[in-house]
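Order-wise, the sequence lines are chains V and G.
Going by the working numbering, the first sequence runs without a break in its numbering and finishes at 430.
Going by the working numbering, the second sequence runs without a break in its numbering and finishes at 170.
Treat the hints with caution; some may be incorrect.
Claimed, not checked - In silico DSS-like pairs for lysine-lysine, Cα to Cα no more than 27 Å straight-line:
| id | chain 1 | residue 1 | chain 2 | residue 2 |
| --- | --- | --- | --- | --- |
| 1 | V | K352 | V | K306 |
| 2 | G | K23 | G | K48 |
| 3 | G | K109 | G | K48 |
| 4 | G | K4 | G | K23 |
| 5 | G | K4 | G | K109 |
| 6 | G | K166 | V | K8 |
| 7 | V | K8 | G | K4 |
| 8 | V | K8 | G | K163 |
| 9 | V | K337 | V | K8 |
Stated by the list, open to error - Chain V residues, not near chain G, derived (Cβ > 12 Å throughout):
| id | residue |
| --- | --- |
| 10 | L78 |
| 11 | A280 |
| 12 | R300 |
| 13 | A357 |
| 14 | E366 |
Simulated from the structure, these hints should not be mistaken for lab results.
Virtual Cβ for every residue (Gly too), placed ideally from N, Cα, C.
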Amino acid sequence: MSQDKSQKFGFETRMIHAGAQPEPVTGARQTPIHQNTSYVFHDAEHAASLFNLQTFGFIYSRLTNPTVAVLEERIASLEDGRGSTCCASGHAAQLLAFFALMEPGDSFIASNRLYGGSITQFGKTFKKFDWRVKFVDVDDPQNVRDALTPDCKAIFVESLANPGGVISDLEALSNIAKDAGIPLIVDNTMATPYLCRPFEWGADLVVHSTTKFLSGNGTSLGGCVVDSGNFDWAQNDKFPGLAAPEPAYHGLNFYETFGDMAFTTHAHAIGLRDLGSTMAPMNAFQTILGCETLALRMERHCENAKKVAEFLEGHPAVAWVSCAALPSSPYHALAQKYMPKGAGSVFTFGVKGGYDAGIKVVESCEIFSHLANIGDARSLILHPASTTHRQLSEEQQNAAGAGPDVIRLSIGLETLDDLIADLDQAISNA
Amino acid sequence: MSEKIDHDSYSDAYLRTLLNSVKSVAVVGASPNWNRPSYFVMKYLQDKGYRILPVNPRATGEEILGEKVYASLAEIPGDFDMVDIFRNSEVAGTVTDEAVELAGSKNIKAIWMQLTVRNDDAAARAEAAGLQVVMDRCPKIEFGRLNSELSWGGFNSKVISAKRRKVRIG
Ligand SMILES: Cc1ncc(COP(=O)(O)O)c(C=O)c1O
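Okay, chain V solo, but in the shape it has when bound:
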């Protein structure tokens, strides 16, 4: 399907304008917050057309909402995708992405280096739907090929992995996915579309926790699934929800009816309708504001993070630093290929005193906030093994780069010297 994918406008123009024309009735220029549940039909016929998906329009905000729709188009545009579906959180986005692809008994392959919460969601909670995950070390693509089975419906990786410094070889992984006739799903939360555009490397779906850099200010939970529109859902019989008559929508065949809009239509009309994990309009608004400054913020996030990483690498009390922006990183070459504008602002390090000294550093910071989030304007610090990656076994923690001595930083937008001074005093204290 040859939709015109050419980019007419630059990234910065799209981060401010995409999806948001002036409100047609009042002329309001900033996107109104449609704090509203339901929408009046013209008549019974109009209502029927809307419920049959025969016309575009709003029914009920569990499915679509005008403010949320602006954010959806904004993110779809920034990723250069066909469409996107926003939802309540990054975890909701992951559930929504797999919901369209998986039947009970199906499996998927995921990197063993993911945000700890994702490892738990996939490995423990998805099991209750009889969805099976195989975690593999994706650094060697052969491991992924070896793990493929006929019931495997997707490959899932993080472009830049949480907690730190690991970058997935998206091009190699997308070739494997293509050969297997399954989509590559990339969590692009840590890189954002400013630093990395997974669709350009062959990914088929992108998921985001918009909670992080896209909102950028720690105000709003949110998630998003972006569809590239490039995957042929009818190339095999693996995806009946999208390419066969869908019993949850009176036998509608979504791919035949909506073509490259099938995934996003399905994710709203069935995914959000039945899972109910809708994004709140106020959260969409806050995230829209965040998107407006994304490029500027990411540049500074990356610049500050690289300088802090260099400082730590030269610090006598620091045992190691894992940050793909540093030439010493084994992922430095991949960083230059996939995110040449910068390797993000979340990375890890360890101090020579191990676990106890690490805890001490975390507790001694004055400017760095000790909390479980990333991608805030504020700098953040955390000990993953005792928090975000706590539910994992020690083996899983080590595999995920969240072993006992690991400290995670999310470098914010404060004055660089203040951040370095704060870490310096905290390390000396430890």
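Keeping the supplied structure of chain V fixed, place chain G with the ligand upon it in accordance with the hints.
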């Protein structure tokens, strides 16, 4: 026609002008089933004020959306502006030739081939006869995209504008 149309990438202006100039659309391959793609498109275009004229030899004698179904383009009484083709690319060629044949007597101005339907030879013949051609696109999607309605579903319309939009409604 002097301007050469690039069928790999239509400009928004080309599609907008075409959709704004057309008032009646003969839909070849029109299905009477509510959950078929052609029905979706006819319903939407009708809601937006277009007259739709369904063509399907296997559904003659029936009505679709209140409109009589014709066996062929030639059987439609009176003029119509555009032919929208829901048939495979090869058959689309035959339908296009029929439309070119009838263009003078029925005032046909444009041929539209649906998503996945593309026949460049037939398009060249139609353009030589002075008709406008769009291939591998859906008029519902393009109308919705150019009028900000596609955006309501979270789609990337690629339209950026600081102007207050005017929606063309029925
Ligand atoms: C890379 C990554 N993916 C997904 C998530 C989950 O997002 P949320 O907390 O918005 O559900 C997180 C959150 O920490 C994350 O860091």
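Run through the hints listed earlier and report the numbers of any the structure violates, in increasing order. 10
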